[in-house]
Amino acid sequence: MKNLHVSTLRNATCIICLAVATLFSSAQDAVPAKKIKDHRTNPELFFLQEGDVPNSYLLLPPPPDGASITFLNDQARYTWGKTMRNTPRGDQAVTDARVDGNGVPEAFSEAFGVEIDENTPEILKLVIGMREDAGDLGTREAKNYYNRQRPFSFYDEDTCNPEQQEELSTNGSYPSGHTSIGWATALVLAEINPERQNEILKRGYEMGESRVICGYHFQSDVDAGRITGAVTVARLHADPAFQEQLSKAKAEFSRLKKQGKVAKGTPVPTKTTTD
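Taken in order, the sequence shown gives residues 4 to 278; the numbers are from the numbering used here.
Hints listed in this document are in silico derivations from the structure and should not be mistaken for laboratory results.
Pairs of lysine-lysine, DSSO-like flavour, derived with a Cα cap of 30 Å:
#1 Lys128 - Lys38
#2 Lys128 - Lys267
#3 Lys253 - Lys267
#4 Lys205 - Lys267
#5 Lys260 - Lys205
#6 Lys251 - Lys205
Since the structure is predicted, the reported quantities are computational estimates derived from the model, not experimental observations.
Let the sequences and hints guide you as you build the complete structure.
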């Protein structure tokens with residue numbers, strides 16, 4: 004009788020343990036795995052993996068407080084941006100919002116001095132391949148942590164392109180991913196074609212300014228985006244795959260230049276002084 008009681012107790016204990024294990028396993032299965040979004044899942048848009056780029060939350064100061072001088076500048080620049088929308092510069096800002104597909108290569112082609120397209124495959128692959136390193140990985144941590152409200156939501160006003168407002172309203176404003184893409188791309192293209200560095204860097208600067216004109220970002224978002232863009236480029240230069248693709252792009256550019264297919268840089272006017 005005693006043995007029967009012990010056996011029954013053991014069986015009950017085993018059943019309880021099995022139930023707990025099953026419950027724990029089910030709970031684990033119910034937790035969705037973290038979605039990976041970097042070179043491992045999309046090598047065409049990333050050279051790097053999550054954690055490779057310096058953490059933007061640790062790097063950047065918080066976005067400005069509403070009572071700060073910096074935010075007063077944000078407000079002033081937002082007002083300025085609205086005055087630019089019905090101008091050729093405003094039209095350019097609308098175009099600059101399109102960074103998907105060949106949007107970035109097309110934006111830089113004129114400044115670079117040659118069309119960046121299927122006829123320049125190595126340069127095209129480089130520009131597209133680093134896009135989300137700068138636009139996503141370089142800004143992700145700060146964007147997610149602060150989740151700053153965008154100016155069009157803050158003021159409850161339309162942007163220069165209302166079609167994108169719903170999508171962007173749930174995406175943090177600080178820092179600006181488009182700005183980070185534009186500045187990072189400009190830095191790399193200026194390295195490939197230093198003769199046109201002034202045109203290229205100006206174009207990269209304008210891509211950030213366009214975000215203020217359209218009302219997608221505050222000026223402080225743009226300023227922070229230029230920092231993340233530069234930081235991302237510094238990290239990319241330590242990546243073997245990026246180094247290899249950059250070398251291919253430079254070699255391709257050198258051939259194009261020898262063939263006379265690259266526009267020359269615009270001479271910078273010098274200011275003369277009189278005694």
